[in-house]
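What follows is each chain in one-letter form.
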Amino acid sequence: MTFADTHRDTKGANVKSAPSGMALLVLPACLLVLGLLIGPMLLMFRISLNRFSPTQLMIEAFSFENYARAAADPYYQEVILTTLGMALLCTALTLIIAFPAAYWVGRLQSSWKSLVVIATLFPLVVGNVVRSAGWMALFTRDGLINAVLLKVHVISEPLTLMYTPKAVVFGIIAVVLPYMILTIASVIESIPRDLEDAAANLGASALQTFWRVILPLSAPGVAAGSILVFVLCMNTYATAVLLGGPRFKMMAPAIFDQFVRGNNWPMGAALAFMLLALTMSFTIVGSIAFARRYRVR
Amino acid sequence: MISRRHLLSAGAGAATMLVPGVPIARAESSQVVVGTWGGDYGQLLSDLIDKPLLAPKGVEVLQDVANADPRKTKLLAERQSRRGSMDVACLSDTDHYVVATTNVFEAVDAAKIPRLDKVFPELRTDTAIPHIYSALVILYNENQVKTPPTSWADLWDPKWRGRVGLADILYSWNTLAAALANGGGVSNLDPAEQKLMELRSLDAKIYPSNEALAAGLKSEEVWLTAMWLARGFMWKKAGIPLSHVVPKEGAASIVFEASVPRNARNKDGGFAYLDAMLDAKAQIAFADKMGYVPTVSDAVLPEDLAKQVSLSEADRARLLKPDYKYQSERSQRTLDFWNKQFKG
Amino acid sequence: MASLSIDNLTKRFGASLAVDGLNLAVQEGELVALLGPSGCGKTTTLRMVAGFLPPTSGRVLFDSEDVTNLPAHKRATGMVFQSYALFPHMTAAQNVGFGLEMRGVGGAERQAKVEEALKLVRLSHLAGRLPRELSGGQQQRVALARALVINPKLFLLDEPLSNLDAKLRAEVRIEIRALQQRLGLTTLLVTHDREEALTMADRLVVMEGGRVRQVGSPRELYDEPQDAFVADFVGRCNILLGRRENEIQFRTAGGLVLTVDIAPNESKNANAFALRPERISIRPGAEGDLHGPLQAVTYLGPQTEYHVRVGDEVFVVVQQTPGADEPLASVRPQDQVSLRWDRKAPRLVPQTS
Numbered sequence: 001m002t003f004a005d006t007h008r009d010t011k012g013a014n015v016k017s018a019p020s021g022m023a024l025l026v027l028p029a030c031l032l033v034l035g036l037l038i039g040p041m042l043l044m045f046r047i048s049l050n051r052f053s054p055t056q057l058m059i060e061a062f063s064f065e066n067y068a069r070a071a072a073d074p075y076y077q078e079v080i081l082t083t084l085g086m087a088l089l090c091t092a093l094t095l096i097i098a099f100p101a102a103y104w105v106g107r108l109q110s111s112w113k114s115l116v117v118i119a120t121l122f123p124l125v126v127g128n129v130v131r132s133a134g135w136m137a138l139f140t141r142d143g144l145i146n147a148v149l150l151k152v153h154v155i156s157e158p159l160t161l162m163y164t165p166k167a168v169v170f171g172i173i174a175v176v177l178p179y180m181i182l183t184i185a186s187v188i189e190s191i192p193r194d195l196e197d198a199a200a201n202l203g204a205s206a207l208q209t210f211w212r213v214i215l216p217l218s219a220p221g222v223a224a225g226s227i228l229v230f231v232l233c234m235n236t237y238a239t240a241v242l243l244g245g246p247r248f249k250m251m252a253p254a255i256f257d258q259f260v261r262g263n264n265w266p267m268g269a270a271l272a273f274m275l276l277a278l279t280m281s282f283t284i285v286g287s288i289a290f291a292r293r294y295r296v297r
Numbered sequence: 298m299i300s301r302r303h304l305l306s307a308g309a310g311a312a313t314m315l316v317p318g319v320p321i322a323r324a325e326s327s328q329v330v331v332g333t334w335g336g337d338y339g340q341l342l343s344d345l346i347d348k349p350l351l352a353p354k355g356v357e358v359l360q361d362v363a364n365a366d367p368r369k370t371k372l373l374a375e376r377q378s379r380r381g382s383m384d385v386a387c388l389s390d391t392d393h394y395v396v397a398t399t400n401v402f403e404a405v406d407a408a409k410i411p412r413l414d415k416v417f418p419e420l421r422t423d424t425a426i427p428h429i430y431s432a433l434v435i436l437y438n439e440n441q442v443k444t445p446p447t448s449w450a451d452l453w454d455p456k457w458r459g460r461v462g463l464a465d466i467l468y469s470w471n472t473l474a475a476a477l478a479n480g481g482g483v484s485n486l487d488p489a490e491q492k493l494m495e496l497r498s499l500d501a502k503i504y505p506s507n508e509a510l511a512a513g514l515k516s517e518e519v520w521l522t523a524m525w526l527a528r529g530f531m532w533k534k535a536g537i538p539l540s541h542v543v544p545k546e547g548a549a550s551i552v553f554e555a556s557v558p559r560n561a562r563n564k565d566g567g568f569a570y571l572d573a574m575l576d577a578k579a580q581i582a583f584a585d586k587m588g589y590v591p592t593v594s595d596a597v598l599p600e601d602l603a604k605q606v607s608l609s610e611a612d613r614a615r616l617l618k619p620d621y622k623y624q625s626e627r628s629q630r631t632l633d634f635w636n637k638q639f640k641g
Numbered sequence: 642m643a644s645l646s647i648d649n650l651t652k653r654f655g656a657s658l659a660v661d662g663l664n665l666a667v668q669e670g671e672l673v674a675l676l677g678p679s680g681c682g683k684t685t686t687l688r689m690v691a692g693f694l695p696p697t698s699g700r701v702l703f704d705s706e707d708v709t710n711l712p713a714h715k716r717a718t719g720m721v722f723q724s725y726a727l728f729p730h731m732t733a734a735q736n737v738g739f740g741l742e743m744r745g746v747g748g749a750e751r752q753a754k755v756e757e758a759l760k761l762v763r764l765s766h767l768a769g770r771l772p773r774e775l776s777g778g779q780q781q782r783v784a785l786a787r788a789l790v791i792n793p794k795l796f797l798l799d800e801p802l803s804n805l806d807a808k809l810r811a812e813v814r815i816e817i818r819a820l821q822q823r824l825g826l827t828t829l830l831v832t833h834d835r836e837e838a839l840t841m842a843d844r845l846v847v848m849e850g851g852r853v854r855q856v857g858s859p860r861e862l863y864d865e866p867q868d869a870f871v872a873d874f875v876g877r878c879n880i881l882l883g884r885r886e887n888e889i890q891f892r893t894a895g896g897l898v899l900t901v902d903i904a905p906n907e908s909k910n911a912n913a914f915a916l917r918p919e920r921i922s923i924r925p926g927a928e929g930d931l932h933g934p935l936q937a938v939t940y941l942g943p944q945t946e947y948h949v950r951v952g953d954e955v956f957v958v959v960q961q962t963p964g965a966d967e968p969l970a971s972v973r974p975q976d977q978v979s980l981r982w983d984r985k986a987p988r989l990v991p992q993t994s
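Residue numbers (this note's numbering), protein chains in the order written: chain A, 1 to 297; chain B, 298 to 641; chain C, 642 to 994.
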């Protein structure tokens with residue numbers, strides 16, 4: 001909106017001439033996206049229309065039967081529902097957990113701030129696999145949590161924590177939390193503190209200030225963070241495999257199964273495209289609904 | 298992270314598939330490119346074969362490291378092209394079979410590979426040398442399981458409810474074990490399906506990887522499993538209280554093989570490499586480090602090592618060679634049943 | 642409206658003392674300005690009165706009610722922020738209605754009050770605009786309406802004019818003062834702009850380093866500053882340091898002897914000679930005791946400013962711009978000029994009190 005204003009207010013021809021030169025600046029990024037994202041995706045889409053053969057990998061074909069078969073299979077229906085459910089649940093929980101932290105980070109004035117931001121980012125420095133391995137060390141029967149609980153006699157038998165959906169939820173949230181916190185914090189930072197004082201001055205309690213001022217104004221950050229996190233959750237692989245165990249099925253591991261174990265590339269590609277379509281439609285519908293609610297412009 | 302890496306490498310495979318014959322620059326024929334697994338196996342190849350056996354002959358070995366599936370795909374994708382990217386392809390016997398059906402590999406014979414004569418006859422194939430092998434056995438916790446099992450069917454004993462753990466990645470072998478427990482065999486996996494559902498109701502634990510299964514065995518969360526004897530050997534060395542038994546129905550074999558693709562640039566080098574892989578000293582070292590059994594008759598293991606990693610004469614007789622054709626044609630059904638019914 | 646009493650108010654941030662034992666009483670309907678350079682504690686004081694900051698010690702009373710421990714949202718003060726702090730996602734009308742909504746004033750009553758408040762600031766036609774669709778002056782009026790619509794006990798203005806351009810500032814100053822007097826608002830104004838303070842306030846509080854330097858009417862502070870800091874801060878002033886030689890003479894550090902006519906007991910410890918530039922008259926030519934070369938002439942339209950060196954001291958003189966035919970109109974730098982003033986005009990004050 002800032003740009004729109006500038007353009008509306010500024011008169012003269014130099015405004016028009018700027019973008020043509022500017023367009024070159026995005027060229028490398030565009031080429032990269034085109035080459036490394038769009039290209040392989042088109043290739044995948046083509047593969048998804050082929051037919052599987054155990055001996056030749058695939059037979060050239062042009063049919064949507066892989067999509068039809070996956071959509072009709074109760075197994076994949078369940079995988080899709082689990083994936084969606086996990087993604088929505090984890091996004092919601094992450095948002096609830098992240099917001100207070102994001103508020104704190106966004107409002108932090110001291111010289112520790114950059115240190116706090118780095119600390120927030122720290123989990124991202126550790127790879128998914130390593131991090132999940134850490135969670136495994138906590139969750140297994142002789143892991144830290146059970147060891148502590150047994151030691152202090154809270155439980156007499158080790159709890160089963162590994163390979164449960166709960167473990168996956170914890171694991172995913174730990175992975176995506178920094179994205180949500182930092183996205184929201186950067187928006188909170190841009191909300192003048194005066195607005196909170198003004199709200200209090202006008203009689204709003206802390207809770208009313210949150211609902212009426214902070215939340216609506218951080219809506220762009222909440223939306224961006226939620227979309228980012230939702231997409232990450234939908235595509236969870238390592239966490240689902242390592243913490244959820246072999247019985248817990250989300251889309252990304254199911255796709256991996258088809259590609260690598262089943263050697264069934266056409267089916268794997270079809271599943272991948274279904275996941276993509278699902279993620280995109282939820283993201284788009286969600287953003288539109290959100291924009292309407294909070295007038296994000 | 299894992300998924301992305303795999304998808305990327307798979308994508309690269311797809312690209313080469315659509316653009317056959319992309320020339321890959323390579324300088325000299327004194328170089329041999331070996332397509333192999335990384336990790337322990339790749340390191341041992343380098344330490345026991347590349348450096349001591351081939352380097353003195355002036356042969357430089359380059360490892361093309363990847364998991365089996367991308368390499369398999371690469372071989373299939375390159376099969377039309379005149380010059381391939383590997384001179385030696387290491388694959389398990391099952392994978393080798395799938396790729397070999399498309400006529401990708403050179404035939405092996407004693408003229409090119411002098412040491413082929415020493416290979417046990419039952420391990421020979423037309424297009425590959427067997428490098429090392431092992432067998433699928435029952436591993437059990439010797440502290441918890443006082444009466445050693447004798448049959449695959451013993452894993453279904455209700456008293457071991459919840460104590461049987463299986464590795465997810467060995468699904469086809471677990472399926473074979475279930476078939477054997479129910480009167481099936483390498484060429485008849487159908488009886489496995491009923492048995493797997495029984496095991497499911499007996500609360501069998503499934504672990505995503507061999508390492509996770511090892512952790513489960515170590516923590517005594519589970520007491521019994523179907524596993525390669527070689528792995529059992531390494532786990533015992535790591536201090537897990539395990540014993541192994543070859544069930545009366547027989548142990549299924551897995552052979553790690555190596556072949557020379559037809560479109561290899563340096564076939565002579567490739568065959569020289571295959572010959573070196575059959576070196577007795579190197580094979581004994583592999584047995585000592587990884588627990589896999591030599592495939593040549595003149596590689597005699599020290600007695601205590603032999604006891605731990607190799608099969609007795611009687612057990613060798615009951616070694617079950619997979620029915621590759623049947624297995625590959627049934628692969629989708631086996632995987633689907635495992636995922637959708639057994640685990641679902 | 643209520644009266645405000647500030648009783649020995651102190652605020653400490655770590656080792657530094659932002660406000661140091663401040664006492665102040667603001668009568669009902671009175672406008673008191675806190676004036677001082679940045680960091681003098683004026684904004685900290687205002688924030689403690691509004692309840693945004695807890696004092697380290699001391700009390701704040703509205704009428705006789707001690708509100709020191711009352712949270713900001715229960716104090717019912719109406720504040721206009723320097724940044725206006727309008728809620729960017731709400732229209733002008735919604736901004737104005739926010740305080741009423743928080744007080745549970747609903748429906749038609751709220752709407753009527755909002756309309757009335759917007760009418761008061763002449764913005765009824767822009768009720769539906771978002772803040773970013775309003776000019777700075779319009780935003781400021783929305784902020785005024787928003788603070789006033791809740792019938793606050795106290796009206797708080799934090800540098801309310803500093804974001805307006807000079808021309809608008811003069812207009813709004815008068816407008817706010819008129820509104821404040823018409824509605825009888827008990828008002829605390831924080832500013833660093835002496836002109837703003839002098840034109841708007843009933844009384845001024847000059848602050849420095851967390852302490853009050855002087856309290857008084859604008860005229861008192863301008864004409865009878867108690868120390869050199871106040872003299873300098875409320876208006877331009879020639880301040881020459883030195884010491885009193887005898888009843889009628891003051892010797893500056895630069896060795897200049899100036900004649901004064903002030904009772905000695907009026908200015909114990911007085912070591913500064915203070916004289917407003919407009920109280921000096923200037924003539925061409927070297928006459929009398931005080932003359933020297935003109936260093937600079939600055940034309941300011943109705944007034945002209947002269948810098949004159951006498952001995953080692955430099956005097957700033959501000960005079961009505963002379964007509965083109967007057968001799969003074971033709972003086973140039975380096976010309977000799979002479980200065981003179983009414984003996985009663987200078988003040989002898991301590992440098993610090």
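It is worth saying that the hints were derived from the structure and are not from the lab. Any given hint could be a false lead.
[Stated by the list, open to error] No farther apart than 16 Å at their CA atoms in a straight line, the calculated lysine to aspartate or glutamate pairs in the EDC-like style are these:
| # | chain 1 | residue 1 | chain 2 | residue 2 |
| --- | --- | --- | --- | --- |
| 1 | B | Lys-637 | A | Asp-73 |
| 2 | C | Lys-715 | A | Asp-142 |
| 3 | C | Lys-985 | C | Glu-812 |
| 4 | B | Lys-640 | A | Glu-78 |
| 5 | B | Lys-515 | A | Asp-73 |
| 6 | B | Lys-637 | A | Glu-157 |
These figures come from a predicted structure and were not determined experimentally.
Each hint tested on the structure:
1. Lys-637/B x Asp-73/A: Given that 16 Å is the threshold and the Cα spacing comes to 10 Å, the pair holds.
2. Lys-715/C x Asp-142/A: violated, 54 Å
3. Lys-985/C x Glu-812/C: violated, 35 Å
4. Lys-640/B x Glu-78/A: Within the cut-off at roughly 13 Å; holds.
5. Lys-515/B x Asp-73/A: violated, 38 Å
6. Lys-637/B x Glu-157/A: violated, 31 Å
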